[in-house]
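**Student:** Keeping the supplied structure of chain A fixed, place chain B upon it in accordance with the hints.
Protein chains: 2
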Amino acid sequence: MEMEMTHEAKSRVFSRVLSRLENLVVKLKGKCVGIAKNIKKIAKDDPRRVIHSLKMALALTLVSLFYFVRPLYDGFGVSGMWAVLTVVVVFEFSVGATISKGINRGFATLTAGALGVGAQHLALLFGTKGEPIVLGFLVFLLAAMSTFTRFVPSIKRRYDYGVLIFILTFSLVAVSGYRVDVILVLAYQRLSTIIVGGATCMIVSVFICPVWAGEDLHNLIATNIENLANFMEGFGEDYFTIPENDMMSINSKKDGKAYLRSHKSVLASKTNEENLANFARWEPCHGQFRLHHPWKQYVKVGALSRQCAYHIETLCGFINTEVKASMEFRRKINDPCSRMSMESSKALRAMSSSIRKMGHPKQVMIHVENSKQAAQELENVLKTMLYGPELDIVIALVPDATVASILVNIITCVEKISEAVHELAKVAHFKEVVDATVSPETAKQPVKLHRGIVNPMYDDGGDRKEADYHVDVIVCDQKAQKVVIGGCTEGKVGVANSNECSNNVNNTSVVNPPPIIITCM
Amino acid sequence: MEMEMTHEAKSRVFSRVLSRLENLVVKLKGKCVGIAKNIKKIAKDDPRRVIHSLKMALALTLVSLFYFVRPLYDGFGVSGMWAVLTVVVVFEFSVGATISKGINRGFATLTAGALGVGAQHLALLFGTKGEPIVLGFLVFLLAAMSTFTRFVPSIKRRYDYGVLIFILTFSLVAVSGYRVDVILVLAYQRLSTIIVGGATCMIVSVFICPVWAGEDLHNLIATNIENLANFMEGFGEDYFTIPENDMMSINSKKDGKAYLRSHKSVLASKTNEENLANFARWEPCHGQFRLHHPWKQYVKVGALSRQCAYHIETLCGFINTEVKASMEFRRKINDPCSRMSMESSKALRAMSSSIRKMGHPKQVMIHVENSKQAAQELENVLKTMLYGPELDIVIALVPDATVASILVNIITCVEKISEAVHELAKVAHFKEVVDATVSPETAKQPVKLHRGIVNPMYDDGGDRKEADYHVDVIVCDQKAQKVVIGGCTEGKVGVANSNECSNNVNNTSVVNPPPIIITCM
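Those sequence lines, one after another, are chains A and B.
In terms of the working numbering, the first sequence opens at residue 47 and continues consecutively.
In terms of the working numbering, the second sequence opens at residue 47 and continues consecutively.
Excised from the complex, chain A in its bound form:
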C-alpha cells in the first residue's frame, strides 16, 4: 500500500511539508524582526549605549597592541594579558564607575602584591616543609577576613571591588611558588600592564563622549520631580473638572489618564539613585559640577520625592472610586482642591527646572505658599458649608474618614495579596494543611461522626505533643462554618476533655490543655 502511494498523496505530503517550512520561515522571520526591533529600541532609548559599546571595543583593541606590537610583547610577554583582563572588567558605562573600579584595582593590586611578597618572605623562615602550611594558613586567614569586610556596608558601597582584587592578588602572589627575585619582575610587569589597562579605560571613558554618573543623577532627580509635577497637573485637570454631561466625562477621562503612570518610575528608582551617587563621588569636576558636589543631597531629595510618590500612589486608588460623589460638595471644594493640585504641580515644576538649570529655586516658595493658602481655603470652605452641630462633625470627620477610606483600600490590597498567595499555593503545590485531622473528605460531607484521638494544632506552627485529646464526635457543618466537638448539637462547640458545649467558638474559655477549635472552610 505504501509503495503504491498515489501522486496525489505524495503531493499532499509535499505540500504539507512545504507549508510547515513556510510557517517556520515566517516564524523565524517574525522572531528576527522582533529581536531587531528590540535592539533598535534599546539603542534608541539611550544612544549612549551604542557609543559605550564602541568605546569598550576601542579600549580593548588598544590594549591588544601589547600583543600585536613586537617591542611591547618582548617587554611584557604574557603579562599583556593583564591589560586585556583589566579593560574587560574595569570598563563601565559611567566615568565614575570606571574610575572607581580602576583606582580600586590599582591600589588593591599594589597593597596585596606587597603583602603577598611579605608573606612569602615570612613563610621561607619556616623551612621547606613549613612553607606551604604557613602560606596556606595565611591565605585562609586573609581571605576569610577580607571576605567578611565585604559585608560592612560602608566598605561594600565604595571598595567592594578593591577587596575582591585584594584577595585575588594576595592569593596569586603568595602561592605562586616562584623565587622572590622572579616574582618582583613579574609583579612589576603585571602592575604596569594593569596600570596601562586601567589608564586606557579611564582615558577612553573620560575623553570620548563621557557618560557622567553625576550628570545622570542630576537629570534623574530633576526628571523624577517633573514626573510628580506631571501627575499633579494631570490629576488637577482630570479629577476636578466637573463634567457637563456623562458622555463627555467618559470621553475626556479615557484620554486623560496617561498621567496616572507618570509617578511609577519614581517609586522604583531608589537603587539607581544610590548607585549613581556612589559612582558620582569618584568623578572629577565636569561641566557644572565641582569635585565635591553634594551628591548626598540629591539622594535626600530623591528619597523625599519617593515619599511624595507613595502618597500619589494612594491617591490613584481614589480616582476611579465607584461611589457617586455629590456634585454639590465636589463643586464647593473644587476650587481650593484644584488650586492645591495646580500650585503644587507648579512648585514641583519650578524645582525641577531650577535643578536642571542649576539656578536658585526662587519661584518655588510662591507656589508652595499658594498651595498652602489653598489648603487653608479648603478648611474655610468646609467651615462655611455647614453651620451648627453638623459643622463639628464634618470638620472632625475628615481625618478619620480619610483613615477609614485608606483602610478600605488596604483591605482591597490585602485581598489582592491573598489572591496572589493562593495562586502561589497552587503553582508551588503547597500541601493541604488539614486543621486538626479533619480530612478534606470529611469537610465535604457535612454531618459525619468520628471517634478517635486528635492532636491540637497551633496557629504559630508549633507541634507541641504534650498530650493527645480524646474527642468523641466531630460534626462539621460546612455552611455555618461552625464545628461541634464532643457530641454537642450543631452550631455549638465542644471543649476538649470536657462535656461542656458553648454557643460561640470564639468565646470558649482557654483551659489547660487548651480547647481544640476546629474551623471548616
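Possibly wrong hints are sitting among the right ones.
Each pair may be met inside one copy or between any two copies, as identical chains are not told apart.
Simulated crosslink set (DSSO-like; lysine-lysine; CA at most 27 Å straight-line) [unchecked claim]:
| no. | residue 1 | residue 2 |
| --- | --- | --- |
| 1 | Lys303 | Lys175 |
| 2 | Lys75 | Lys472 |
| 3 | Lys90 | Lys73 |
| 4 | Lys86 | Lys75 |
| 5 | Lys90 | Lys75 |
| 6 | Lys342 | Lys477 |
| 7 | Lys418 | Lys77 |
| 8 | Lys175 | Lys472 |
| 9 | Lys418 | Lys472 |
| 10 | Lys202 | Lys77 |
| 11 | Lys316 | Lys202 |
| 12 | Lys346 | Lys75 |
| 13 | Lys408 | Lys303 |
| 14 | Lys477 | Lys83 |
| 15 | Lys303 | Lys346 |
| 16 | Lys303 | Lys378 |
| 17 | Lys462 | Lys73 |
| 18 | Lys316 | Lys472 |
| 19 | Lys75 | Lys202 |
I should point out that these hints are in silico values taken from the structure, not numbers from a laboratory.
**Tutor:** For chain B alone, coordinates are given in the frame of chain A:
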C-alpha cells in the same frame, strides 16, 4: 629665656603632651571598640556571613593545592592561577549566585575559546601583515556586539557575567599570538583549571552550610507580609483605642509607636527580591523547593505587598494629625475600623504563616471576608449616623474628603522637597537666576527707575532671541509682589511694546511678541 625654663614649665609641657597622648589613646580605643562592636553586630545580624567567609577561605585554600602539590603544579603550571581567579570571582554568598556565575563562566570560556581559535585560523589566511589587522578588527567587532547585548534586560538579568567572560576569553585567545598547537594545550589547561575552580566553589557552596537564595526569597516574602500584619495590628490597637484620659493616651502612644516603622523594610526590598528570584532559578531542588519552583509568583506577591506598604505609608501621615477628632464620631466608626485593621492583620499573618509552612492559606479567606464585612458595616454606620439631607452629603463626602486630605499631605511633602532643594541649591552653589534682568540690588530697593533693553526669559529655559523689547521704566514693588512696566502706576502691569496698563498680571492678553511679566520675590 628658653634655656632658663623652670622645672614647672617643663612639667607643664610634659603633662600637656601626656594628656594629649592620653586623649589620643582614649579616642583610638573608642574607635577600635566602635569598629569591633560594628563587626560583632554584622556577624550577629546574620551568622551565615561568618560561615561564608570561612567557606570562601576554604575554597581558596583548596585550589591553592594546584601550586602546593608538586604533581599538580607540574601538570598545570601557571594555569593553576585560573583556578584561584575563578574561585575569587565566582564564589558568592548564595548557592544560586555561585552556580549562576560558575555555569556562565564555564560556558562562556568554552564558546569564546573555540571562537578565538577559529578567529586565529581565519586571520592566518591573510598573511603575516594582514593577521593583526584582521584579529584587531574581529576583537573590536565582537567586543562591541557583546557589550551591547549586556544592555538587553533579559540577558543582563541572567547572563551578564557570561557575556563579560566571553569578551575576556575571546580577546585573550584571539590576540595571544601563540601558535595554534600551543594554544590548544593552553586552552585545555585553562579550561580544566577553570572547571576545577568552578566545581570547588559549587561543591563548597552546596555542601557546607548552604545559603539558598530561594529559601531567602521565601523567608523575605513571608517576613514582609508579617511586617505588614504587625503594622495593621499595632495601628488597630493604637489608633482606635479611645483614651480614657489625656495622660494615659500620651503614655500609651509613646510606647506603642514601634509598629510605625515595621512596613519601611517592605518599601525598599524590590531590588533584593528580584536579585534573589534571579539567583533562585539556578538552584537545584533543596528542602521543600522543587527545581521549577514558581519564584516569579513570589516576586508578584512581593510587588503587591509593596503596594500595600505604600498605602500604609500614607496612612502613617494621618496618625499624628493635629486636628482634634470628634470623639463622638470616632466612637461610632471605632468598632468597624478597628475590626478592619485587626482582620486584615490576621489575614496577613495567616498568609505569612501559610507561606512559611508551605501550607494552603485556608484561614485567610475567612479574615478577608470578615474585613470586607467590617468595611460594609462602616458604610452602614455612616448611613445610620445621619438622617435626611446630611446623609447624602456625608456619604458622598468621604472619598472627596480623602482626596483632599491626601492632597494636604502631598503639599506638606512638596514643601519638604522644596526645603531639600533649597538646601541643595545652597550646598551646590546654584547660581542666582535673576528674573528678566532685575538684578538682586534692584529687588532690594523697591521703587527704582530703569530704562533700557530687556530680553524675555521663558519658563521652559529657552532663550529665544527674536527681538529685544524696549522698556521704559521698571518699578518693582517687592511687598505687593507686583510689577510695573512701561511707566504704569504701582500695582499695575505694563505690556511690552505698548503703553497699555493692566490691573492683573495674569490677565494680560498674550500678544506677539509676548508681554514681559516680571515677578519679584
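**Student:** Between the shortest in-copy and the shortest cross-copy C-alpha distance, which are at most 27 Å for Lys75 and Lys472: within, between, both, or neither?
**Tutor:** Cα proximity of Lys75 and Lys472: none, with 37 Å in one copy and 57 Å across.
**Student:** Regarding Lys462 and Lys73, is the shortest C-alpha distance of 27 Å or less found within a copy, between copies, in both, or in neither?
**Tutor:** neither (37 Å within a copy, 54 Å between copies)
**Student:** Classify it for me, Lys90 with Lys75: is the Cα-Cα distance of at most 27 Å met within a copy, between copies, both or neither?
**Tutor:** So Lys90 and Lys75 pass the 27 Å test inside one copy only (22 Å; across, 56 Å).
**Student:** Quick one: Lys477 to Lys83, C-alpha cut-off 27 Å, is that within a copy, between copies, both, or neither?
**Tutor:** Cα proximity of Lys477 and Lys83: none, with 44 Å in one copy and 43 Å across.
**Student:** For Lys90 and Lys73, with the copy left unspecified, which applies at a CA distance of at most 27 Å: within, between, both, or neither?
**Tutor:** within (25 Å within a copy, 55 Å between copies)
**Student:** As a check of your reading, is Lys316 near Lys472 (CA-CA no more than 27 Å) within one copy, between copies, both or neither?
**Tutor:** So Lys316 and Lys472 pass the 27 Å test across copies only (24 Å; inside, 33 Å).
**Student:** Is it within a copy, between copies, both, or neither that the alpha carbon of Lys75 lies no farther than 27 Å from that of Lys202?
**Tutor:** between (46 Å within a copy, 24 Å between copies)
**Student:** Go through the copies and call it for Lys175 and Lys472: within, between, both or neither, with a Cα cutoff of 27 Å.
**Tutor:** Classified as neither; 61 Å inside a copy, 65 Å across copies.
**Student:** For Lys202 vs Lys77, is the C-alpha pair at or below 27 Å within one copy, between two copies, both, or neither?
**Tutor:** between (41 Å within a copy, 20 Å between copies)
**Student:** Evaluate Lys303 and Lys346 at a C-alpha cut-off of 27 Å and name the case that applies: within, between, both or neither.
**Tutor:** Classified as between; 24 Å across copies, 30 Å inside a copy.
**Student:** Quick one: Lys303 to Lys175, C-alpha cut-off 27 Å, is that within a copy, between copies, both, or neither?
**Tutor:** neither (77 Å within a copy, 64 Å between copies)
**Student:** At most 27 Å between CA atoms: does that hold for Lys418 and Lys77 within a copy, between copies, both, or neither?
**Tutor:** Result: close neither inside a copy nor across copies, 55 Å intra and 47 Å inter.
Checked against the numbered hints listed earlier, the structure breaks hints 1, 2, 7, 8, 12, 13, 14 and 17; every other hint is satisfied.
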